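Dock chain B against the given chain A, drawing on the hints supplied.
Protein chains in written order, with our numbering: chain A, 3 to 339; chain B, 3 to 339.
Just so you know, these hints were derived from the structure itself, not from any lab. Treat the numbers as computed from the prediction; the structure is a model and nothing was measured. Careful, some of the hints might be misleading.
If chains are identical, the list can't say which one is meant, so a pair holds when it fits in one copy or spans any two.
[Unchecked claim] Quick list of in silico lysine to aspartate or glutamate cross-link-like pairs, DMTMM-like style, CA-CA up to 20 Å: (1) 241 / 10; (2) 241 / 309; (3) 32 / 124; (4) 264 / 197; (5) 264 / 10; (6) 241 / 5.
There are 2 protein chains.
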Amino acid sequence: MGEFGVIDLLTRMVVQQRGGPNHGADLSFKLTVDNGDDTAAWQTGKATELFTTDTVVEGVHFTRETTPWRDLGWKCISSNVSDIAAMGGLPMYALVTLGLPPETEVSELEQLYEGMMEISNEHGVAIVGGDMVRSPVVFITIGLTGIHAGQPMLRSTARPGDQVAVTGYLGSSGGGLRLMLGAGHDSNLSDQVSEEAAEYLRVCHRRPRPAVAEGRILSASGVVTAMDVSDGLADDLSKLCRSSGLSARIHAGQVPVHPLLKQAYPDDYLDLALGGGEDYLLLFTAPAEVMALVMPQLSQGAAVVGELLPGEPGRVSVLDVDGSERPASGAGWDHFR
Amino acid sequence: MGEFGVIDLLTRMVVQQRGGPNHGADLSFKLTVDNGDDTAAWQTGKATELFTTDTVVEGVHFTRETTPWRDLGWKCISSNVSDIAAMGGLPMYALVTLGLPPETEVSELEQLYEGMMEISNEHGVAIVGGDMVRSPVVFITIGLTGIHAGQPMLRSTARPGDQVAVTGYLGSSGGGLRLMLGAGHDSNLSDQVSEEAAEYLRVCHRRPRPAVAEGRILSASGVVTAMDVSDGLADDLSKLCRSSGLSARIHAGQVPVHPLLKQAYPDDYLDLALGGGEDYLLLFTAPAEVMALVMPQLSQGAAVVGELLPGEPGRVSVLDVDGSERPASGAGWDHFR
Numbered sequence: 003m004g005e006f007g008v009i010d011l012l013t014r015m016v017v018q019q020r021g022g023p024n025h026g027a028d029l030s031f032k033l034t035v036d037n038g039d040d041t042a043a044w045q046t047g048k049a050t051e052l053f054t055t056d057t058v059v060e061g062v063h064f065t066r067e068t069t070p071w072r073d074l075g076w077k078c079i080s081s082n083v084s085d086i087a088a089m090g091g092l093p094m095y096a097l098v099t100l101g102l103p104p105e106t107e108v109s110e111l112e113q114l115y116e117g118m119m120e121i122s123n124e125h126g127v128a129i130v131g132g133d134m135v136r137s138p139v140v141f142i143t144i145g146l147t148g149i150h151a152g153q154p155m156l157r158s159t160a161r162p163g164d165q166v167a168v169t170g171y172l173g174s175s176g177g178g179l180r181l182m183l184g185a186g187h188d189s190n191l192s193d194q195v196s197e198e199a200a201e202y203l204r205v206c207h208r209r210p211r212p213a214v215a216e217g218r219i220l221s222a223s224g225v226v227t228a229m230d231v232s233d234g235l236a237d238d239l240s241k242l243c244r245s246s247g248l249s250a251r252i253h254a255g256q257v258p259v260h261p262l263l264k265q266a267y268p269d270d271y272l273d274l275a276l277g278g279g280e281d282y283l284l285l286f287t288a289p290a291e292v293m294a295l296v297m298p299q300l301s302q303g304a305a306v307v308g309e310l311l312p313g314e315p316g317r318v319s320v321l322d323v324d325g326s327e328r329p330a331s332g333a334g335w336d337h338f339r
Numbered sequence: 003m004g005e006f007g008v009i010d011l012l013t014r015m016v017v018q019q020r021g022g023p024n025h026g027a028d029l030s031f032k033l034t035v036d037n038g039d040d041t042a043a044w045q046t047g048k049a050t051e052l053f054t055t056d057t058v059v060e061g062v063h064f065t066r067e068t069t070p071w072r073d074l075g076w077k078c079i080s081s082n083v084s085d086i087a088a089m090g091g092l093p094m095y096a097l098v099t100l101g102l103p104p105e106t107e108v109s110e111l112e113q114l115y116e117g118m119m120e121i122s123n124e125h126g127v128a129i130v131g132g133d134m135v136r137s138p139v140v141f142i143t144i145g146l147t148g149i150h151a152g153q154p155m156l157r158s159t160a161r162p163g164d165q166v167a168v169t170g171y172l173g174s175s176g177g178g179l180r181l182m183l184g185a186g187h188d189s190n191l192s193d194q195v196s197e198e199a200a201e202y203l204r205v206c207h208r209r210p211r212p213a214v215a216e217g218r219i220l221s222a223s224g225v226v227t228a229m230d231v232s233d234g235l236a237d238d239l240s241k242l243c244r245s246s247g248l249s250a251r252i253h254a255g256q257v258p259v260h261p262l263l264k265q266a267y268p269d270d271y272l273d274l275a276l277g278g279g280e281d282y283l284l285l286f287t288a289p290a291e292v293m294a295l296v297m298p299q300l301s302q303g304a305a306v307v308g309e310l311l312p313g314e315p316g317r318v319s320v321l322d323v324d325g326s327e328r329p330a331s332g333a334g335w336d337h338f339r
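Looking at chain A on its own, in the form it has when it is part of the complex (with noise of 0.2 Å):
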């Protein structure tokens, strides 16, 4: 039983053995989103709130070496605010959790604290509390609601034919990632790389920038169907077909992919662009129509990708620019592999 498995098995208990929350009408909040997209939602009368939690544990999501402890802090807000932005809507009360060694510095979570301000204030997001305990590993698990003054997007609403586009360059966050764990090992391949891409990509994995206002735009259009790319592309949207029970396929050459990225990796950035995570930009469905009506909107690098089609649920394939079709190989990360 792999990690949706697993997923699938508890999703079930938590649904199906539910009892409440039933305090009555004055007390409650209908529930409008349940599990298993970016974030759940329910109905407060005057809007709809959203409410996400995301995890980074050290030595599985990231090191020291690639992640100052200031990008850690930056990092984590972001993962959670792009995880609203992908339901088109707005952060706003966040609860941060720390598992921390016991030699951790009150110096270390200083700079931990200032990149997480840093992002937070650009999105307006309010740290109100939280939860400090020992662990023998770091760990930073941040909850965060958010608000919709209407209808979020969903991963579970795109229907046959839709165009699937994202918001922006893909694989650049992965190129970072690759740069700064070769720099380690391999003076050589670091030195193929120009200064000004090593920055470039160093800067889109360290201080990723969530998509809020990408997901304002794609709501207030008409876009009804997202969810952020936080795994790479061929996975997140394998997971968007699963959830709507359909097919895509990715035209490999449409995948945006920054200059400065094929620069550094004249050989491997589309596998970058379709496998590497990390990137919190959002992937999104739309009828033609639609989709001609919101990409004049977005601004560089936002590009239709591909299209759904009906088929095995959750298979994703990219058709080369030679013609020839191969399933994306990216299967992102399971927990019980």
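Just chain B now, with coordinates in the frame of chain A:
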């Protein structure tokens, strides 16, 4: 700089350097309880919404010997529900984050979720999502929202002269933990505890019952100051006193201890009642006239245990039955010590 110092420092950062949320009146919920209480809270228009998080780490907060998976699931949800109860609210929506070593068995996760579902259904909690990540050590973080129709009870609103009370017997969870830890190392010790007492204490440790009903009674009866007892009475009362800028005195002879805890630990029950954690009942303060109204509505074990005094914020002393007064020794767990 101890744990309090670090938390104060980081709290100052997130409050003073905060920029948001500022999305306009239509897309904002006004924050009414900030960092430092059992939960954060904001006004949705219809009601006050509560937001809390709590984490356990294997080897720090539990071991698999003292806490089987099913009980672990129960306790994780319980400790968060207890924070909501401390505000006088009802729990609502939860996100579950699991940090899991690769060798975790699916059957273990099923047991964990069975325990979570049992306690969730007792209190109308719906698990609406979460995150599952690889980790060298098991950790579980719950993020939980709740709702309150009126004003939540706070830690910071106590007044000099208030009586201090608790909603039930103290120390039983700590007694259960001691019993189980002792049983592994010293069979003589466990032999001295009757089977009835052992069973009672084990259940108190493994299946704590958050005081949601009690919190509702307190809040409806005019109590405005409360928190939950998770780290032990002495320690938690000290936190309440710090928040309210007061000192407190506990009368040792008034601390409610269950007869089976006294029977099992005739020499140590008071230490367990003052310093043992995870009882998850409520600690509250009120003027005598409010207390007289509230106490008859609470069940067995509830008792007035002391009073609040002007003086050094956070200082708690214990008045022993022989008339001598000493500092309450419970200093709780200090992350940086």
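Identical-chain pair category, residue 32 with residue 124, by Cα at 20 Å:
Between copies, since 19 Å is at most 20 Å while 30 Å is not.
With identical chains treated as interchangeable, where does the CA-CA distance between residue 264 and residue 10 reach 20 Å or less: within a copy, between copies, both, or neither?
Result: close neither inside a copy nor across copies, 38 Å intra and 47 Å inter.
Taking 20 Å as the upper bound on the Cα-Cα distance, should residue 241 and residue 10 be classified as within, between, both, or neither?
within (12 Å within a copy, 41 Å between copies)
When no copy is named, should residue 241 and residue 5 be tagged within, between, both, or neither for a Cα gap of at most 20 Å?
Within one copy, since 12 Å is at most 20 Å while 41 Å is not.
Under a CA distance limit of 20 Å, which applies to residue 264 and residue 197: within one copy, between copies, both, or neither?
Within one copy only: 14 Å inside, 71 Å across.
When no copy is named, should residue 241 and residue 309 be tagged within, between, both, or neither for a Cα gap of at most 20 Å?
within (15 Å within a copy, 57 Å between copies)
Hint compliance for this structure: hint 5 alone is broken.
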